[in-house]
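> Residue numbers (the working numbering), protein chains in the order written: chain A, 8 to 50; chain B, 5 to 703.
Relax, there's no trap hidden among the hints.
Looking from chain B toward chain A, a few residues come up when the C-beta cut is under 7 Å (computed):
| no. | residue |
| --- | --- |
| 1 | Gly329 |
| 2 | Leu334 |
| 3 | Val528 |
Derived lysine-lysine pairs resembling PhoX-like cross-links, with alpha carbons at most 25 Å apart:
| no. | chain 1 | residue 1 | chain 2 | residue 2 |
| --- | --- | --- | --- | --- |
| 4 | A | Lys28 | B | Lys510 |
| 5 | B | Lys166 | B | Lys7 |
| 6 | B | Lys248 | B | Lys233 |
| 7 | A | Lys28 | B | Lys45 |
| 8 | B | Lys678 | A | Lys28 |
| 9 | B | Lys520 | A | Lys28 |
| 10 | A | Lys28 | B | Lys512 |
| 11 | A | Lys28 | B | Lys671 |
Here are the computed distance ranges between Cβ atoms for each label pair:
| no. | chain 1 | residue 1 | chain 2 | residue 2 | range |
| --- | --- | --- | --- | --- | --- |
| 12 | B | Lys158 | A | Val23 | 49 to 59 Å |
| 13 | A | Ile31 | B | Arg244 | 49 to 59 Å |
| 14 | A | Ile31 | B | Lys233 | 46 to 56 Å |
| 15 | A | Leu17 | B | Lys158 | 48 to 58 Å |
Since the hints were derived computationally from the structure, they do not count as laboratory data. No residue lacks a Cβ here, since even glycine has one placed at the ideal position from N, Cα and C.
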Amino acid sequence: MFIQNILAFLALAIAVLFLFKTFIWWPRKKASNSCDDTNCGCH
Amino acid sequence: MSKQINVALIGNPNTGKTSVFNALTGLNQKVGNYPGITVEKKEGICKLPRGVKAHIIDLPGTYSLNASSLDENVVIELLLNKNDKDFPDVAVVVSDVENLKRNLLLFTQIKDLEIPTILVINMSDRMAYKGISLNIDFLEQKLETKIALVSTRKNKGINELKDLIANFKNLNTKPCLQASEIDKAYFDGLRKAFPNQLLYKLWLVITQDVNFGKVDRNTYESVADFKIKSKSDLKRLQQRETIKRYQFINEILKEGQTIDLKTAKDLRIKLDRILTHKVWGYLIFGIILLTIFQAIYDWAEVPMDFIDSTFASLSEWAKSVLPEGPFSSLITEGIIPGLGGIVIFIPQIAFLFLFISILEESGYMSRVVFLMDRIMRKFGLSGKSVVPLISGTACAIPAIMATRNIESWKERLITILVTPFTTCSARLPVYLIIIALVIPEGRFIGLSYQALTLMLLYLIGFATAVGSAYLLNKILKIKSKSFFVIEMPNYKLPLPRNVALTVVEKTKAFVFGAGKIILAISIVLWFLASYGPGEAFNNAETIVTEQYATANLSEAELQQKIASHKLEHSFIGITGRAIEPAIQPLGYDWKIGIAIVSSFAAREVFVGTLATIYSVGSDEEDTIKNRMAGEVNPILGGPLFNLASGISLLLFYAFAMQCMSTLAIVKRETNSWKWPFLQLVIMSGFAYIVALAAYQLLK
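Using the sequences plus the hints, can you model the full thing?
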């Protein structure tokens, strides 16, 4: 039962981290060389 | 150790470049994005003779090296930058036998970059049909290259192409056009200023504002002897370059290509006359849509039932073999039902992509875009907005990215704002399960009511998008001009291999993309539904047993009451009850409320959430559909999912902005939080009002 509890909470922690990373924390990607100031015409 | 060479597949759109890529790489391919931007990057591995391996990149389609979009920029940046890890050892330019003249413009430009280049003339099987004959030796000699005559449809010429790629070192890298011919004095100055650089590369840097290595436009400005011309002068020189190239191409094709117009049988003109007709065109499109929706229902029924019952049995089997405990319950009551809620829709989604892929491959989709342009213009949009709106039936995210080729900012913004109304594949699971529960199974002129409802929902989505575009066009005070040019590709029988690859790729992206989120949400939901605060949850057994002490319930019924009591007092139950007053007027209970809140992440999570909530604490082996059908309205009695609440839910999902990823993309594409925020408030507010009205009228 103890191991089952650990596994279940481990699964929860991974799931929460994954959702946080997917929807809340978006890492900033480096823009490509030719798109710096003009942002590739994307306004 | 085997050698690996980089091969870039380049070509105009609609030349069958992707078919050549598929023929070379088979299933050894992967799709990603170019770093930092959202242009699709397709690459694969091909085994060549003598143990050589080729890393093949299918570059975005482009008409020339004069870039006007992000996609085209990718091609130029790669071809100019020798330090790029993907810089090609050999470029394979794919052309279409029927449009050789136009396709050769790009070929001559690439050749002038002095990269070993092979010319593929694709669709060679159509030569006899179109009365075309080619003098390959003459063309090879004049274009200073090797030519592969390929027919991906008949699987001909691919081995010869592989041989040519393997022997790329024998290719001549002499340019087709001396760049200095464009303007001798100007190019002499350029050569003097940068004696060690390739002249045509330098010219591209000036005109395209791209860079290679350490050379960019700023470098030019620092050279005292050389002045960059004004924009209008540069445009004039570019035009001169194009004219010179076409003179060269015309000269070659005069002897290298003959077209016997008497032999050519042009079915295309006849078909176009019907398929783009102002009455027949729309009628045929309507019939095609009806057929697709009917087929989605009829063909997918058996595999869906099989998947549904398999997951129910799997959950039951897991319960019987796993030791009792929270982790086992998480698997049997959380993960398996949650995943079942998405896997069940694979057949219908695969069929939808199958039809879309066939329509695209056959060349019919371009006719649809042309047809729709007539309607769109009345609503302040152009035909270019149709492409994102149609792509939106798969997913709003790539569709919003596809708006990048709309030059007018106003049209682009409107298209971005209205695209999420079109029915994406994530809505499909919600629609399908609700329709199956509340719409009867009868038929009308051979078409089932369920298929007609599904088609109606697609049309409602499209009509709302167009209607909103009309309103936005009136409201937004942005001045802009636009034009619409579309190339009508030839009609062709879709290649089964290409169709199959598209279906597999798109279905996989849907299942794995949504699957990861659903798996994570199922785990979180299971915890929230299996744990709760206070006495009401912890002493549920004692409370319920005392409450029903005189009711003479069977053991199974008592257990069901305990599970229900626990769920109501769990964390999820408490949250659900808190939002219940807001959703009760729409005919929903707190469980549906939780599913709506969790599906804000992605719409398809709705079914998985309900599957998880309904299975927590339940010992019975049952399918998702049966569980939902068995739910009782806690206030009015009777089935919870009836016609009124079902229609209300369908309309809510048709209009609500239930997709965080779409909001993020809108923010990125508009570079402002204002637009996604307005989109969220207006779409969800509208969805609430319509769903409320529908329930109150139908109940």
